[in-house]
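Once you've looked at the hints, dock chain A against the given chain L.
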Amino acid sequence: MSVAQTAGYVAPRHRSRSRWPIYAFLPITVMDFVLFVLPMLIMGIASVLVIHEFHVEYRLTANNYLFFLGSPLYLSILGKSVLIAAVVTLACLVIAFPFAYYLTLLPRHVQRIMLILVILPFWTSYLLRVYAWMTILGERGLINRALLGLGILDEPVRFLLYNNYAVVLVSVYLYIPYCVLALYTAIERLDTSLFSAAMDLGARPRQVFLHIMLPLTLPGVFASFIFVFIPMVGEYVTPTLVGGARGMMIVNIVVSQFQALRFGIGSAMVFVITALALCMVLALRRMARLEKVFGV
Amino acid sequence: MTSRHEWTRRHMLQRAAQAGIGGAALSTASRFAAPAQAATNLQGPVNAFTWGGRIIPTEVADFQKETGIKLNFVGASGNSENLAKVKLGGGAQYDIVGVDALWVPKFYQEGVIEVFDMASWPQYNDMFDQFKNMSIWKVGDKFMAQPWAWSPLVLWYNTNHIKTPPTSIKFLWDPALKQRIALTRQQEDVIAWMGIATGAKKPYDMTKEELANAKDGLKRLMPNILKFPPQEEELVKLMADETIWVTALSAGGALRIKDAGGPLCKGFLPPEGYIGYFDGDCLVKGAAHRDAALAWMQHRVQAKYVMENFLKYRRPLAYRGPLDVLKQEGKSDLAHELFYDQPDLIAKMVVIGPPPNLGDYIDAFNEVAGS
Numbered sequence: 001m002s003v004a005q006t007a008g009y010v011a012p013r014h015r016s017r018s019r020w021p022i023y024a025f026l027p028i029t030v031m032d033f034v035l036f037v038l039p040m041l042i043m044g045i046a047s048v049l050v051i052h053e054f055h056v057e058y059r060l061t062a063n064n065y066l067f068f069l070g071s072p073l074y075l076s077i078l079g080k081s082v083l084i085a086a087v088v089t090l091a092c093l094v095i096a097f098p099f100a101y102y103l104t105l106l107p108r109h110v111q112r113i114m115l116i117l118v119i120l121p122f123w124t125s126y127l128l129r130v131y132a133w134m135t136i137l138g139e140r141g142l143i144n145r146a147l148l149g150l151g152i153l154d155e156p157v158r159f160l161l162y163n164n165y166a167v168v169l170v171s172v173y174l175y176i177p178y179c180v181l182a183l184y185t186a187i188e189r190l191d192t193s194l195f196s197a198a199m200d201l202g203a204r205p206r207q208v209f210l211h212i213m214l215p216l217t218l219p220g221v222f223a224s225f226i227f228v229f230i231p232m233v234g235e236y237v238t239p240t241l242v243g244g245a246r247g248m249m250i251v252n253i254v255v256s257q258f259q260a261l262r263f264g265i266g267s268a269m270v271f272v273i274t275a276l277a278l279c280m281v282l283a284l285r286r287m288a289r290l291e292k293v294f295g296v
Numbered sequence: 297m298t299s300r301h302e303w304t305r306r307h308m309l310q311r312a313a314q315a316g317i318g319g320a321a322l323s324t325a326s327r328f329a330a331p332a333q334a335a336t337n338l339q340g341p342v343n344a345f346t347w348g349g350r351i352i353p354t355e356v357a358d359f360q361k362e363t364g365i366k367l368n369f370v371g372a373s374g375n376s377e378n379l380a381k382v383k384l385g386g387g388a389q390y391d392i393v394g395v396d397a398l399w400v401p402k403f404y405q406e407g408v409i410e411v412f413d414m415a416s417w418p419q420y421n422d423m424f425d426q427f428k429n430m431s432i433w434k435v436g437d438k439f440m441a442q443p444w445a446w447s448p449l450v451l452w453y454n455t456n457h458i459k460t461p462p463t464s465i466k467f468l469w470d471p472a473l474k475q476r477i478a479l480t481r482q483q484e485d486v487i488a489w490m491g492i493a494t495g496a497k498k499p500y501d502m503t504k505e506e507l508a509n510a511k512d513g514l515k516r517l518m519p520n521i522l523k524f525p526p527q528e529e530e531l532v533k534l535m536a537d538e539t540i541w542v543t544a545l546s547a548g549g550a551l552r553i554k555d556a557g558g559p560l561c562k563g564f565l566p567p568e569g570y571i572g573y574f575d576g577d578c579l580v581k582g583a584a585h586r587d588a589a590l591a592w593m594q595h596r597v598q599a600k601y602v603m604e605n606f607l608k609y610r611r612p613l614a615y616r617g618p619l620d621v622l623k624q625e626g627k628s629d630l631a632h633e634l635f636y637d638q639p640d641l642i643a644k645m646v647v648i649g650p651p652p653n654l655g656d657y658i659d660a661f662n663e664v665a666g667s
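From first to last, the protein sequence lines are chains L and A. Mind the numbering: the first sequence is residues 1 to 296 in my numbering, read in order. Mind the numbering: the second sequence is residues 297 to 667 in my numbering, read in order.
Looking at chain L on its own, in the form it has when it is part of the complex (with noise of 0.2 angstroms):
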């Protein structure tokens, strides 16, 4: 023990210690209450209530939630968001997983290299890097010039822009750095002896990844849902800066609702799209039995 501690140094700095957490977490606390807590609660009372235009009468009612829920086109069009965020999910994951593990192979010193050009299309703006996808597919885009240049086509393709595949390609690029970096922290944790254990005791190559791999690095497959999944369900800026004239998603729908200035339609809209969200959230965490890798 140091004269230090003898001298009662001990307590006050314990005392502080059990204070930080509070302060750490007071910002984020606050944060969260107020950009999301709060709003989510008056859209949740908007929801329920009468509202015509600005004028709100104060008796419950479901027939905001009904007017959603029983609109078999509002209905599609969020499955049709579902649809697309899964497929761009998946793609990513897809991409993102091979080139997370090869990633943590490489000597250190190259991947923090690596990792830098990861996170390198941070630097520029989210819309700057929609708007430089559409100079690359657009009927006079780069893709178009150099085939029709090469003399592989005769006139420029159209199906390259404006429509869903688009809405995909532009948003795998832009969330696929999201899944590599959660991907990577999951697999750089693992004991790459395992994989060893299981070749030495007969075990395939896709065995080995699916039964081992796969499992283990679940918290990371897990984190890439929640950084791409969820905010592509709620996308608006790709889809309408490169889907088409039919490239509505259900976030396109909610807008044009508070445009309408039916606030309790809109809100009934969001409340159902977060509920679906989190309740994906809790199923993909019940099935992927995320306790047992954690170890809680």
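Derived by calculation from the structure, the hints in this document are not laboratory data. Treat the hints with care, as some may be off.
Claimed, not checked - Cβ-Cβ distance ranges computed for the label pairs, FRET-style: (1) L:H211 / A:H457: 55 to 65 angstroms; (2) L:H211 / A:D512: 55 to 65 angstroms; (3) L:S125 / A:S373: 14 to 24 angstroms; (4) A:G582 / L:F159: 47 to 57 angstroms; (5) A:S373 / L:L216: 43 to 53 angstroms; (6) L:I143 / A:Y420: 52 to 62 angstroms.
Claimed, not checked - Keeping only pairs whose Cα atoms sit at most 16 angstroms apart, straight-line, the calculated EDC-like set for lysine to aspartate or glutamate is: (7) A:K608 / A:E355; (8) A:K474 / L:E139; (9) A:K383 / L:E53; (10) A:K459 / A:D470.
It should be emphasised that the depicted structure is a prediction, and the values quoted were computed from it without experimental measurement. The C-beta atom is built at its ideal place from N, Cα and C for all residues, glycine as well.
Okay, now just chain A, sitting in the frame of chain L:
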């Protein structure tokens, strides 16, 4: 810059003298200096929540120099959104709000703007009669909004690909235009265009049957629509790189497309009717900087700024001053091309406004574009 200032003032005085109101001109000239004299008592800054592409740096810098008051510009994106924001923020947050045509009475009914007296302003006489007598914007002699820009929405077409000038709005449905049309994502305006094409009497106040016809028109038009971008700038870009061949833009569309490196485009006002707008700046009720806001509104309609604004943004404005100067400078063609010398068109336009059944319009659009 200096020469333009001198020239503008000189011509304004000349015009006043020609009209035999030299005395009034002197009075006007003295009133021009009024904002500067009154400056010391004004409280700022002026928070202007209004449309982009309507404020020029010179007028803002001069206003600050003369009054010491700063102008904070906040870009507006849509009338209904503006209404919601002003309703929430009120006069504490905004002093001025930019509003379109028939939305102005709606803002007034909702109690978010207040009327003000413009007849005593020096520039009042410079306003086109169509705006002076705009009964829907007036309560007694007072105005709900200070008129600013106006324009019909013209159907611009690429002359490289459309050789025969269209004669009817029906040309939009030509199969040769597959995925070659884009319109801004203003759902009610798209439906109103369809209403015009399908013969609705009041395209912004359609009956259920008319709305069903308009929806059907949009459904049939969808193969020709490439996309509904949120901003006009994207339409200009798409026209410039010839991704699309037809769009609806305000006056000066062809010039904007040409400036963006695009092809020669021509405008077409369909005989069946066409949408148009006029907009204005409204004084937010209970504005924290009311007097400064009114001083700014008076400041910006000085002939020199109106002229500079017209040349920069190439849109007809509510004040005729620059029109006379353009004629004297031999730029009548430009004024004509931009409809500036045709204020009679205002009465012929199907004016943008909030349909009483706005939700039905939005649903009709979503049902077609979302299916």
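Status of each hint after checking the structure:
The given range of 55 to 65 angstroms is respected by H211 of chain L and H457 of chain A, whose C-beta atoms sit roughly 60 angstroms from each other. About 57 angstroms separates the C-beta atoms of H211 of chain L and D512 of chain A, a value consistent with the hinted range of 55 to 65 angstroms. A hinted range of 14 to 24 angstroms holds for the C-beta pair S125 of chain L and S373 of chain A, which are about 18 angstroms apart. Judged by the Cβ atoms, the range 47 to 57 angstroms given for G582 of chain A and F159 of chain L holds: they are separated by roughly 54 angstroms.
Under the hint 43 to 53 angstroms, the C-beta atoms of S373 of chain A and L216 of chain L, about 48 angstroms apart, fit the expected range. Checking the proposed 52 to 62 angstroms range against I143 of chain L and Y420 of chain A shows it holds: the Cβ atoms sit about 57 angstroms from each other. With a C-alpha separation of about 13 angstroms, the suggested pairing of K608 of chain A with E355 of chain A holds against the 16 angstroms cut-off. Proximity of K474 of chain A to E139 of chain L is assessed by CA-CA distance (about 14 angstroms); at most 16 angstroms being required, the pair is judged to hold.
As the CA atoms of K383 of chain A and E53 of chain L are separated by approximately 11 angstroms, the hinted pair is consistent with the 16 angstroms bound. For the hint pairing K459 of chain A with D470 of chain A, the CA-to-CA distance comes to about 13 angstroms; that is within 16 angstroms, so the pair holds.
Of the numbered hints stated above, none is contradicted by the structure.
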